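S.K.: All chains should be modelled from the sequences, with the hints used to inform the complete structure.
As a plain string of letters, each chain reads:
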Amino acid sequence: MSLMHTLKVGRLARKLEEILKVPQHAFGYPLLKPAGLTSRVREGLIHLCPVGAFTEREGIFSLDLARCVGCGRCALAYPEAVGEMRSLEVAVTRKEDLVQRVDLERGGFLDPGPPSSPRTELRLPTLAFREVSVGDTGLADSKVALLGNPFNDMGRFGFQVVASPRHADALLVTGPVSRNVAEALRRTYEAMPEPKGVVAVGNEAISGGVFAGSPQVLSGVDQVVPVDVYVPGDPPRPGAILHGLMLLVGRVTQRLVGGVLR
Amino acid sequence: MEALREGRPVALFPYGDRVLLWVERPEGQKGALGLTEAFLLGERRRFPSLAAEFPALDWFERALWERGFEPVGHPGLKPLRRHDLPYTFREFPLLHEVPVGPVHAGIIEPGHFRFSVLGERIVHLEIRLGYQHRGLLSLMPGKGAEAALLLVERAGSEPVAHAMAFAEAWERALGWEAPPRAQYLRRAALELERAFGHLGHLAGLFTDIGYAYGATQVGRIRALLQGELDRLTGHRYGRNFLRVGGVWREGQPDLEAIAAYREELARLLPRLLKNPQVLDRMRYVGVVRKAEALALGFVGPTARASGVGRDLRQDDPLYPDFTAVVRQGGDVLSRAQVYAEESLKALDYALFFLRHLPAGPLALDPPPGEGEALARVEAGRGEVVWFVRVEAGKEVMAEGVDPSFKNWRALELAVRGEGLPDFPLCNKSFDLSYAGSDL
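These protein sequence lines are chains A and B, in that order. Using my numbering, the letters of the first sequence map in sequence onto residues 1 to 262. Using my numbering, the letters of the second sequence map in sequence onto residues 1001 to 1439.
Please keep in mind that the hints were generated in silico from the structure rather than gathered at the bench. Quick caveat: nothing in here was measured; it's all calculated off a predicted structure.
Going by beta-carbon spacing under 7 Å, a handful of chain B positions derived as facing chain A:
1) PRO1110
2) ARG1134
3) GLY1135
4) TYR1237
Just so it is clear, CB atoms sit at the ideal spot from N, CA and C, and this is done for glycine as well.
M.R.: Below, the structure written as structure tokens:
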């Protein structure tokens, strides 16, 4: 390791490009292959998926990345129909960009059009954020905490955690929003000064995940406070959360459009 | 309740209109921990309260009360998880009250702490949880094995232990066992999860006393170990790995790397825990006495750091020469020492299981049938309990207990008489799961 390299990235800190990649040994995010979606395969996929991420309606077959728990069984069973995306640049500003829709007649992905970029007043050189867990098992929280470890070291990108919402530019929220904590979430949001952004971290925060439909949860952060950026994953890797933060401050552009990396 | 006086309560579950009490046989001879006895109590949703004599059952009875049962004669009923029922904190007229939470300053789950203080001294702490209540148990009935495991893996922050207890309960209900290779792989994942969790507690403790060197070193090895858990199970926290009947996959963790991390930790941890700054801040702080641990039914490292030598693994025939790690001090330092020693042992056992994998399939489909069973697994924080009733390939009844549910009151006791600024340190020394307790 050269001295220059060590000075630039430290001894442990990984380069941004590395952080934003799915590690070699792990399964990435699933990606439909329109050509392989025969009727037998589609039926198999719908039957196989433990969380019901695959659905078919009126000639359109879809895969909802916000439901996927990343078990990878679909790609193992039907490699001709499901591949994987190996990038963690998956944060989006619209929920519909997390759903892959394949027009079965045309045999191609539907394009929902260009996404809106996040609000310009949030284009900050550094960003202080406050994390709030609202029904999360503690694992997505732990992922946010891992952003600060020596490998990811988010401080060098200008991101830091602050103890009070009064000092925060953004709120990172994890969990499906249990009914009992919804009021605390709303008040935390109100305690923040303007301009303020919200990042929903993880599938549970996006739409409730496996808890969707429970009478004790509200199934999504955007049911309580407005959300600027959604980060899919169960829980998302630190790299994906970092991408979400960078998308919020306008340092990167959204790559996932209509569920497909572009 | 002769059985309760000799042994200790494991769980209290609703069972139709009655309640089911599980009691562990007295500690002592080998094989005793694995044995549990069940007693059916009460009728028509009323049962005699045992909480006054056995405070370990207090929270169980409060949880049942919220679900429409009546513990007759309970000394002080108030809600636990439900926030739609009125709740009053115990009042101390001449003391100052400090409310903390539900949203905390760190990256941590929500919960409310009400301190009654005299100056800086904590006289009394009352913990109110329920903020993380997602209605998990009410979603369980009628689910197939795969769908049920998705929920079970989200019950607390130790997915492998929860999934293992649930799968074992299901298999036992059908009078069946997973193939040997799966048994070894499950335990390897469980031990990696334990080491990962324990090192997290240690790194958190070092952070809380401002010992950045310790926090960084432990945090680094912990992150690398998480990579090995990821390689083995396909998930950074070991989700989607276990199934009823075995395991889904078998990854290739780097055994030499794990052995190297273990050696590094063996050199590092004893040194860190002898640092004067560590001794000064952790020794004699946050004491839980053995008598308290026994009476309130604390489990896991919390109990073992207070001199209660029980660990479910000592009765697991697959663990060769297992002895529980026990410390007598009951303070923050004792808990840190238990975490340190157990994380080394966990890596030893993970390596043992991975190096001695028996031949055979990863999973088999259990036979059809019906039945019910209880299974317990020693997770990082203590025993995880799942009770399942299976009929026609679906569970019609499932009840689970996370170790944190049994340990929260240890924190209430530990901070009594301590200074308010020592609370975060005491809290981190237990590092309990809020979601596991609230379910």
